[in-house]
Amino acid sequence: MQNPYIPYPVRIDDITVEAEDKSLKTFKFVFLSDGDEEKFAYRAGQFAELSIPGKGEIPIGIASSPVEKGFVKFTVNRAGVVTTHLHNMRAGDLMGLRGPLGNCYPWDLLEGKNILIVGGGFAFTTLRSSIVYMLDPANRSKFGNIDVVYGARSPGMLLYKDELVEWEKRDDINMHITVDGTDDPDWKYNVGFVPPITEQKAPPGGPDTYAIVCGPPIMIKFTQPVLEKLGYAHDHIIMSLENRMKCGFGMCGRCGIGKELVCKDGPVFTLDQINQTPREY
Amino acid sequence: MTLLTIDKQNWTKGLTAAADQYQLFGPVKDKDQHQFKALTKGQVPDLDLVNTRLSPKDLIFPQSETIIEYSLDESQADHHIMKEAAKDYSPRAVVGIRPCDAKAVQLVKLNFDAPDVKDPYWLQAYEATTFIGMACDAPLSTCFCTSAGCGPYNAEGLDILMMDQGENYLAKVLTDKGQAFADAAGWNQATPEAADAFMAAKDAAEAKIVSTISTDNLVDTDLLELHGASFWDDVAFACLNCGTCTFSCPTCWCFDLQDEVHGKSGVRMKNWDSCMFPIFTVHTTGHNPRETKTQRVRQRFMHKLKYFVDKYQTGIMCVGCGRCVRQCPVNIDIRRVCALMNSFKPADACAAQG
Amino acid sequence: MSEYTEKMRQIAGRLLKDCTVEMVIGFRKGTMPMMNEPCFVTAPEDADSLVWDSNCGINLANYLTNRKEKIAVFAKGCDSRNIVNHIVENKIQRDQLHIIGVPCTGMIDKRKIHGMVDGEILEVTETEETVKVRTADAETLLDKKEVLQNNCALCIHRNPVISDEMLADPVEEQTDIDRYADVRKIEEMGDEEKWQLFEDLLAPCIRCYACRNACPLCYCPTCFVDESKPQWVGKGQDPIDIRTFHFLRAYHCAGRCTDCGACQRACPVGIDMRLLTRKLEKDCQEQFGWEAGLSLDSRPALDVYQTNDPEAFIK
Amino acid sequence: MFTNLMEYMGIERDRIHMSWVSSAEATKFIDVVTQVTEAVRKLGPNTHFVKQQAKVA
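Residue numbers (our numbering), protein chains in the order written: chain A, 554 to 834; chain B, 4 to 357; chain C, 1020 to 1334; chain D, 548 to 604.
If you're looking for bench data, these hints aren't it; they were derived computationally from the structure. Possibly wrong hints are sitting among the right ones.
Claimed, not checked - In silico SDA-like pairs for lysine to any residue, Cα to Cα no more than 25 Å straight-line:
{"no.": "1", "chain 1": "B", "residue 1": "Lys86", "chain 2": "A", "residue 2": "Gly588"}
{"no.": "2", "chain 1": "C", "residue 1": "Lys1087", "chain 2": "B", "residue 2": "Lys205"}
{"no.": "3", "chain 1": "B", "residue 1": "Lys86", "chain 2": "A", "residue 2": "Asp566"}
{"no.": "4", "chain 1": "B", "residue 1": "Lys112", "chain 2": "B", "residue 2": "Arg95"}
{"no.": "5", "chain 1": "C", "residue 1": "Lys1204", "chain 2": "D", "residue 2": "Glu554"}
{"no.": "6", "chain 1": "C", "residue 1": "Lys1089", "chain 2": "C", "residue 2": "Glu1148"}
{"no.": "7", "chain 1": "B", "residue 1": "Lys205", "chain 2": "B", "residue 2": "Ser144"}
{"no.": "8", "chain 1": "A", "residue 1": "Lys608", "chain 2": "D", "residue 2": "Glu554"}
{"no.": "9", "chain 1": "B", "residue 1": "Lys90", "chain 2": "A", "residue 2": "Ile559"}
{"no.": "10", "chain 1": "A", "residue 1": "Lys666", "chain 2": "A", "residue 2": "Thr637"}
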């Protein structure tokens, strides 16, 4: 019997500091045992439990993309016991990885459609995974227009800056990068919160256009009416929820919202689905 | 299915014989209450009881259970590698489990033995266990099993169902596992003619259940409207948010995962948790989706009487054992709450908001 | 006791009708013998749901913590002392409260009664002095004094220490009570015997935290057992973790505990954790001459420094 | 009070020691540590409040 509680042993291969305040680091893991990487086959939007013996586990969205082989990446905000410990670990240290867990963005449904991605802060991780997946030469033709609105508090808080610059240069993806504010005179992108920038830049909704939204609650709250105004139906707005989790595969019971479990039935839900559950997330 | 008669001398002898092949658990008297415990060889479970204080769910789902072991000692080759803790899943039998508690195991099984993912610890313990039930001829006034999808002679989840006939026990062998246990115990006096006596006793016992609940409207009531009903503050007011109801409940399965380290070696364990506790859902940011007592109390009742009903379509997540009714320190009564929920009309909610 | 109920309903109705308060906190009839449920009433016509008898042992001060409304609350002697604590500790304001004092002759202990009769108890009725217990096949008349909660039997503050109106004339206080005979007995034991005593006492604990949550003193937003940074106590069923919880919780209540008995009453497995809290109560009395919750003008003993505080423990 | 409670639970009195030592009182500090060490040595290894690997199922 496959034991879903036992993590795959992994080694920290590389650590990148992402944010200027050092609260965000990206961890690149490689699997210690042959075959584990294949078993860990995932799709963009799924998460995994980063498992540190002696400290515990933390559910984190997978930031690397299924088209990237040989490693998996997670961007982690330093907050609680486990993430603080993780931030103090070094390349070469051993730990565990349990997953992939949860559902993913509905890629079969999204095929042939225009995609609007709206992201804020460090919730950009699974969105990065999605963008890399869609931009892969083998996949790009499967999707229509791709628009990305991504905001952070300041330029220094944006994740994956090198990639953002690269994507800006491409003509098969429309990037709308924004920051809440900056005193950098050389800043050549948008300034403003994500919702108004979405209103200005995002394409209108329609049967062939889906929005994927991921960010802090306050951003989601104000982005939702904007998308409605732009003509996005509730079943065309796709969101990824967070709740306190332990097991990650639907046993331990704590992440339930109504009859849905965020860890197993989610974390990805359409706004339509969310509207049918109590808002206990 | 075979019907056996076991005279009471043979009962004790049989259990002693079966103890060679099975680890036996059964109710024993512990101060003012009964509790399920491991039986020493030759020890006879005390079947003259009402309901045990805690359900026997911990025999399969211990309150604290080590699931993973690891070493943090970097001089060891396998340091920081997390491994399944060694467990004993040799055959065990729980003797004298009540039909309500046995049915509860089947409800919990829906969670731990889902089609797509299994909890190996729960499932292996479950599979190793033979359930030998004792029908319930003297229910309490707080028992409401017959209207909770169960009953004093309910056989669901049992391998053997026994009834007390004074001089002897009548045992219905329901499964191969049950037959194997009867063989190990040497119980082989088939008495098919006793079937009528069994039926009569069943009817008599069911007639003794005086407390009932109604659940007929729960399925068709809108989930969100019930969630927004106006009675939750009143229901929750007295609640202390302790874990008594959830810990004594045979169908509550929520748990926590915790690491503990001693020196250089550590374990990860599963501990019972409770939706009554504020920290059950609190995010690292401090945000708590179920911040208030009312929200937590509502979660417990909605889970048992609505979410579960909608999710599995097998009725409510309650077997009517009455433990939470009897043990709640402030007398919050699931029968009363169920009545409120079942008779809820969405118009009430509108009026309350209006 | 039925006079109490009648008067309570009248008072509650009056206070709600004339808008003296927004809510009244009391008890309603329970669904089982020897159980009542704490409840609130906000409409005058609902005042008739209130009841009073010897099954109102839950401490209602526990339901006042951080409330913002204007509240009328029924208070036994112990409840009133905990209300004093609450006011002193700023958990509620004095002017928010209309305290209706309930002189009390003790609450009955359902565990004791269960132990004294065979079979399931179907009905319990009481008079001033007696408790009548009916089971399926017998009726037993018990002396109420014999079935009081242990803390009530030892109570020396049966009358409320603070109130805005009284439900009845004060009852006679018990005198010549030896509150600490069992504590002294433990003090005289050897170390191993003591250790074993608490090992046995706490063995049935299931960590449901009913004792903590029933206690009006335990209002910390996050209890030390629930802290994760740092984590003070293991979360499993290890006996050391269980003991750490119980003795530290008791210590946090030192100089504040009124021995209302809510913890023991709430415990689903019948642990007498008052053996810990009363030891501290005894020491507070001996070392500081302090009894908790008697006056709005003084702070708990461990909250203040006085030059004559004993300091023999500092070597 | 704390010491009393510990003793009440079965922890030997001499295992618990409370002192005020100022940062300037080096010699007092040495004395206190020596005293405590002696007292505890006399009592032998502590057996209570020592958590081994969690004793659970």
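Does glutamate 554/D sit within 25 Å of lysine 608/A, going by the straight-line distance between their CA atoms? violated (33 Å)
Holds or violated: lysine 1087/C and lysine 205/B, Cα atoms, limit 25 Å. violated (54 Å)
So if I understand the rule, the pair passes when the alpha-carbon distance is 25 Å or less; does lysine 86/B with aspartate 566/A pass? Satisfied, since the Cα-Cα distance of roughly 22 Å is no more than 25 Å.
With a cut-off of 25 Å on the C-alpha distance, tell me whether lysine 205/B and serine 144/B pass. holds (17 Å)
Within a Cα-Cα threshold of 25 Å, do lysine 1089/C and glutamate 1148/C meet the stated pairing? violated (36 Å)
Tell me if the straight-line CA distance from lysine 86/B to glycine 588/A falls inside 25 Å. holds (17 Å)
Is the Cα-Cα distance between lysine 666/A and threonine 637/A 25 Å or less? Roughly 40 Å between the alpha carbons, so the hint for lysine 666/A and threonine 637/A is violated.
Check whether the Cα positions of lysine 112/B and arginine 95/B lie no farther apart than 25 Å. Given that 25 Å is the threshold and the Cα spacing comes to 18 Å, the pair holds.
Take the C-alpha atoms of lysine 90/B and isoleucine 559/A, compute the straight-line distance between them, and say whether it is at most 25 Å. holds (15 Å)
Mind checking the alpha carbons of lysine 1204/C and glutamate 554/D for me, to see if they're no more than 25 Å apart? holds (13 Å)
Checked against the numbered hints above, the structure breaks hints 2, 6, 8 and 10 and satisfies the rest.
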